[in-house]
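Enquirer: Residues per chain are reported as follows:
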Amino acid sequence: MEFTDEQISRYSRHILLPEVGGKGQKKIAKAKILLVGAGGLGSPAALYLAAAGVGTIGLIDSDVVDLTNLQRQILHHTPDVGRSKVLSGKEKIQALNPDVQVSMYEERLTAGNALKIFSDYDVVIDGVDNFTAKFLINDACYFANKPLVHGGILRFDGRVTTIIPKQSACYRCVFKQPPPAGLVASCQEAGVIGVLAGIIGTIQATEALKLVLGIGRPLTNRMLDFDARKTQFREIHVKRNPKCALCGDHPTITELFDDGDPYAGCTVRPDTQPKAVRL
Amino acid sequence: MQVKINGKSEEIQGGTVLDLLAAKKIEPQMVAVEVNDKMLERDHLGTTRLNDGDQVEFLFYMGGGR
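Top to bottom, those sequences are chains S and F.
Sequential numbering from 1 applies to the first sequence in our numbering.
Sequential numbering from 1 applies to the second sequence in our numbering.
Warning: the hint list may mix true and false statements.
With a straight-line cut-off of 20 Å between C-alpha atoms, the simulated PhoX-like cross-links for lysine-lysine are [said to hold, decoys possible]:
id, chain 1, residue 1, chain 2, residue 2
1, S, K92, S, K166
2, F, K4, S, K230
3, F, K8, S, K230
4, F, K8, S, K243
5, S, K32, S, K92
6, F, K4, F, K38
7, F, K8, F, K24
8, F, K38, S, K239
9, S, K176, S, K166
10, S, K230, S, K166
11, S, K210, S, K32
12, S, K23, S, K210
13, F, K38, S, K176
14, S, K176, S, K230
15, S, K32, S, K116
Simulated from the structure, these hints should not be mistaken for laboratory data.
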């Protein structure tokens, strides 16, 4: 593939970087990156990856845009309320950069569809809001052998880590299973400072681009935790767990499964909340 | 004795990791614990005794993203 003059102009600040150059920009143009969740984390990731010229961006989300999303989900604008998130996302991505192909999956990620969808991509970005889906993404990336950039945000705290299956610690190496229902204040009721989605989602996009380019040192075997109140990052070293049920020496998880309740671990379920505070 | 908890030095009573969790009112099921860079199995929280200078990391679940 050859870039047009316009593309060379568009990507010139990348091409100027010795670590990227024309060769690297072509890798970006050929890359296929999947965003699971077109919400808080998915929004900044989608916009920066689109701006970077990623060849194909996949968006999985079954939701429509809600007014309460707009405080942080910058892929969606006020007129999008009530519209499909993947469609709204596709429009913004292509308005920013028509070079980008967008594949839309207006569905929930399940054990039934995950491997088929993941197999088409080079890197997966976790931008979901519940533990069942986070574990499912972790497991599916392991079975599909796809690098995963995990992210999580809650209140004023965020976390990112990169997982290269069979090489670095996976999510289950650290957290064996979703927390018991009702224990972890998370998701809908706990709240989140909107900018945190931008900080963590943008780091996720950075990690994905590094993986595509094959440069730098990935955020593997490290959980990067960010505290917005203190404006402080901390790195926690983690290791592959030989007893991990998924990627350990004697795995007990040998195929994908749906862990039932997608809102396990949340103290308040979205369907029991009054509409006014539902996210 | 002094231990470092999530990077911050703290004076604690001693005892096991489970005692520390109880003192901090942290439900063991909602946290993954590392002591000196080693992840503890949940069954070992009550048998792992803390020593002066240990580095303890509490990793809480962080589930949001949307």
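Enquirer: Each of the hints needs a verdict: does it hold here or not?
Expert: Hint check results:
1. As the CA atoms of S/K92 and S/K166 are separated by approximately 35 Å, the hinted pair breaks the 20 Å bound.
2. Restraint check for F/K4 and S/K230: the C-alpha separation of about 18 Å stays at or below 20 Å, so the hint holds.
3. Under the criterion of a C-alpha separation no larger than 20 Å, the hint pairing F/K8 with S/K230 is consistent with the structure, at around 14 Å.
4. A C-alpha spacing of about 29 Å is found between F/K8 and S/K243, which places the hinted pair above 20 Å, so the restraint is violated.
5. Using a Cα cut-off of 20 Å, the hinted pair S/K32 and S/K92 holds, with the two alpha carbons roughly 18 Å apart.
6. Annotation: proposed proximity of F/K4 to F/K38 holds, straight-line Cα distance about 14 Å (limit 20 Å).
7. Proposed proximity of F/K8 and F/K24 is supported: the alpha carbons are some 14 Å apart, at most 20 Å.
8. For the given pair, F/K38 sits about 8 Å from S/K239 by alpha-carbon distance, which is consistent with the 20 Å threshold.
9. Taking the CA atoms of S/K176 and S/K166, the gap is about 16 Å. The hint holds against a cut of 20 Å.
10. Of the supplied pair hints, the one linking S/K230 and S/K166 is violated, its CA atoms being roughly 35 Å apart against a limit of 20 Å.
11. At roughly 13 Å between alpha-carbon atoms, S/K210 and S/K32 fall within 20 Å of each other, so this suggested pair holds.
12. A C-alpha spacing of about 14 Å is found between S/K23 and S/K210, which places the hinted pair at or below 20 Å, so the restraint holds.
13. For the given pair, F/K38 sits about 15 Å from S/K176 by alpha-carbon distance, which is consistent with the 20 Å threshold.
14. With a CA separation close to 29 Å, the supplied pair S/K176 and S/K230 exceeds the 20 Å bound.
15. The straight-line distance between the Cα atoms of S/K32 and S/K116 is roughly 14 Å, inside the 20 Å bound, and the hint therefore holds.
The structure fails to meet hints 1, 4, 10 and 14 from the earlier list, while all remaining hints are met.
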